[in-house]
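Engineer: Sequence:
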Amino acid sequence: MPNTSSVSTINNYVQFLEACIGSKSLKEGKIIHQRFLKVDGKDLGTPSLVLDKLTHLYISCKRPQLAHRVFNSIPIPDRKNKTILCNQIIRAYAWDGPFKKAVDLYYEMVDSGVKPTKYTYPFVLKACSALQDVETGVKIHGHAKRLNLDNDVYVCTALVDFYVKCGCLLEAREVFDEMPERDVVAWNAMVSGFSLHGMCWEAIGLVSEMGQRRVEANSSTVVAILPAIGEASRLREGKVVHGFCLRRYFEVDVVVGTGLLDMYGKCGQLRYAWEIFGALPLKNEVTWSAMIGACVSCDCAEVGLELFGKMRIEVGHSPSPVILATVIRGCAKLNDLYIGRKIHCYTTKLGFVSELMVCNTLLSMYAKCGSVNESMRFFEMMQVKDSVSYSAIITGRVQTGYADEALRMFRKMQNVGVEPELATMMGFLPACSYLAALQHGVCGHGYSVVRGFTEDVSICNALIDMYSKCGKMDDARHVFDKMSHKDVVSWNAMIVGYGIHGLGREAILFFQDMQNEGQKPDEVTFIALLSACSHSGLVNEGKHLFLIMTKEFNIVPKMDHYFCMVDLFGRAGFLDEAHKFITTMPFEADAHLWNSLLSACRVHKNIELGEEVSNKIQSVGPTSTGNFVLLFNLYTTAQRWDDAANVRIQQKVLGFKKKPGCSWVEVNGIVHGFVGGDWSHQQSAKIYKKLEELGKEMKRLGYRAESDFVYQDVEEEEKENILLYHSEKLAVAFGIISLQSDKPIMVTKNLRVCGDCHTALKYITIIAKRDITVRDTSRFHHFRDGICSCGEFW
DNA sequence: ATAGGGTTAG
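Under UniProt numbering, the first residue of the first sequence is numbered 1, with each subsequent residue one higher.
If you're looking for bench data, these hints aren't it; they were derived computationally from the structure.
Incorrect hints may have been included.
Simulated restraints on C-beta separations [unchecked claim]:
#	residue 1	residue 2	range
1	V134	S387	18 to 26 Å
2	D386	V457	18 to 26 Å
3	E209	D386	32 to 40 Å
4	A19	N148	36 to 44 Å
5	D513	G142	47 to 55 Å
6	N646	S387	51 to 59 Å
7	T777	N284	47 to 55 Å
8	P660	Q439	19 to 27 Å
9	V457	K543	27 to 35 Å
10	H197	G113	37 to 45 Å
11	K769	H544	37 to 45 Å
12	G113	N11	23 to 31 Å
13	G198	I737	46 to 54 Å
Simulated crosslink set (DSBU-like; lysine-lysine; CA at most 35 Å straight-line) [unchecked claim]:
#	residue 1	residue 2
14	K605	K699
15	K769	K659
16	K520	K580
Just so it is clear, CB atoms sit at the ideal spot from N, CA and C, and this is done for glycine as well.
Produce the entire structure from the sequences given, and follow the hints as far as they go.
Structural biologist: In C-alpha cells, the structure reads:
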C-alpha cells in the first residue's frame, strides 16, 4: 500500500498515482487529489499529467463521474490526444450508467476536437441502447459513416446490437448485410435480435445460414437462440440445439445449461429440465430460478415451492426479487392464499415490496386467488403503478366475474395516463365478451389495430370471441379470415361461436375446413363441437364425432366430453340413452354430470327418472345451487308441493344460496344492469309502465304466466307480477324505450334464461316488432316474429 | 441464462 506522506514533487505524484492505479487504491488517490485542490484552491492549476493519472485511477476504480470531472479540468490543448482516456470513461458509463453521461461525454469529445475512434462507437452505442434513444444512435451512426468507420467489424457489430436492442430490426439487418466481413459475434448479435423479439423462425433460419457460410456457432449463439425456441415451444428445434451442445461439451456451462433447462420448461418437458438441472456441476441463482419457474409453468407449482425451500438451505444468500416473483406466481397457480400471504410477508422482510415487478406479481396473485378486497387494497397502496398493474387488476376482475368493474378500471387507467398494452387488451376484450359490450369491444378492436396488436394471434382470438359473444358472427368470421397465422384456439373460438348461435351444421362444416387446412383439433375442439351439436339437436352427428375423436384423433374423452354427450341426449329427449351413457363411463359421475340429466328430466317432465337422478346427486353430494333449483322445479311441475318444500328446506340447511339473476343491455356505450324487481335505475317508472303495457298485450295474444318458475309461496296474481319483473324483462323493456324503434335489442344474462321469460319474449317480439337477442350462460336466443332460434334446445 | 399482465370449452 503506497504511503501518502512522503510524496512531494510532481514526478513523485505521478509515480505514486501510477502505484494507486495498479493497486486500485481509491482512498490514497483521493488524498493526493485533495492536496492539489487545497494548494491551488481550484482544479485548473493542477498539472495535466497529474490530472491524467487521476482520471485513470478513477476509471479503474469504476468512478466514471469523478473521472469525467477531472478529465474536463485538463486544459483543452492537452486533451486532444486523450482519446483513450475518453473512450475508457465512456465505457465505464456505458457499463453501469448513468448512460446519458456517456452520450454527453461523446459530444463533449467531438466538440473539443478529440477524434472518436472505432473503440468509441461500441460504448456510446451501448449507452444509446440502454437509454432506448434511437434518434441519438442514428445520428452517431452518421458520424461513424463520415469517419469511414462503418466498414469495421467491431463498429458494425455494435451498430447491429444497438438497432436490435432498440427494436429496429430492419436497420440492423441492413447494417449486417452490408458488412464486408462477419465474425461469429456479429452473427450472434443478429440472432439475439430475432430472439429478443420472439422471432423464433428467423433466428433459427439465421443459425442455419451461419452454418452454410462456415461460421462456427459458439455457446453465445446457443444462449441467444434458446429463449426464442422456448417462447415458441419448438421442442424439436430445442432438441437439435441440445444435441449440438452435447457434441461441443457446452452443456456443462452454467449459462448454457440454464438456457437449456429453461427452454425445456417452456416446452412443457419438466423431466428433461430436471435431468439438466441434476447434471449441472455448478448452479447459480439464475439456474435455481429457471428450475423453479419450469416447475410452475409445468403445473407442478408445489414441487417448485419445495425446491425454493431447498434452495434457501443449500444456497447461503437470500433470494433475489426475480426468484420471489417466480415463487409468488407459483402460489397464484396453486390458488393458495395462505402460502401467498406468507411469501408476501417474507418479501416485505427482505425489503422488495417497493419493486414494481414483485408488486405486480403479488397483485396478480391476490386477484387470481379471488381475494377481491386484498387485491384492491394492495393496488391502492402501490405507490407506482404501470400498465402491468392495471392489466393484472383488470384480468383479475374479469376472472372473478366483475367484468363491469374491469371496464371501469380500464377507463381509470386511461384517465391517469397509463397506456394499455397488449396484455391489457387481453383482459379488456374478455370483459367486453362477458358483458356483450359491443361498442367497447369495437373501440378495443380499433385501438388494437392502431397499436399493431392485431398481428398477434392471441389478440385476434380474443377479438373473435368478443364478436361472437356480442352476437356478431360475421365480424368474428372477418377477423378470422384476415388472420395470417391461425392456431387451434382461433378455430375453436369460431366453432364455439357457431355453437352458441345454434348453428350446429356450420360448426361441423367449419370443422371440415379445419381438417382440410391441416389444423389438428384438440380436446377443446371436441367439447365445442359436441356442445354445438347439443344446442342444435344433432344427436347422430354428435355420436359420430364422439367416436372419431378417439379413433381418428387419438383424443381420450374427459369428463367434459361425457358431459356434452349426456347433455346432447338429454336435451333431445333421449333420457334413457343419456342414462345408459353415464353407466358406460370409465369414471364415476359427479353432481355436475347428474345435474345435466336432471335438467333434461325437468324439461321432458320425467319425474321418476328425475327422482332417481336426484338420489344420485344426494349420494355424491350436491355441489351447486342448481341441483336444488332443478329438483324443486321438477316437483312443482308435478305439483308435489311437500317434496318441493323439503328441497327448499334442505337447500337452506346446507347453505346453498340462490345466485341473483342479473341482466344487462348496452345503450350508447353504457352498460345498464338490472336484477329482478329492481327499482334502482333512473328510468324505473318508465320501464315498469312499459312492462305493464306489454303484459296486457301479451295476455290478449294468449300468453299465460308459467307460475311454477316462482319459488315464493304467494298468490297467483302476485306470482305473475314477480315474473313480469324478472331481470331479463326489465332489460328488454329498457332497451325498447331507449333504443330507436328499428334497432334490435341485445340482452345478456348471468344465468340461464328463465322459461317464462323465454315464452314472454316470443310475444314481445311480435308486439314491439323488434328483433330481440338474449345471451344466457349457455347460448344465444334470437327472437323474431314470435319464434326463438334455439328451437327449444337450451 | 431466470422475471410482472394473456386467447378457446365446461
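Engineer: For a quick check of understanding: which of the numbered hints are violated here, in increasing order?
Structural biologist: none
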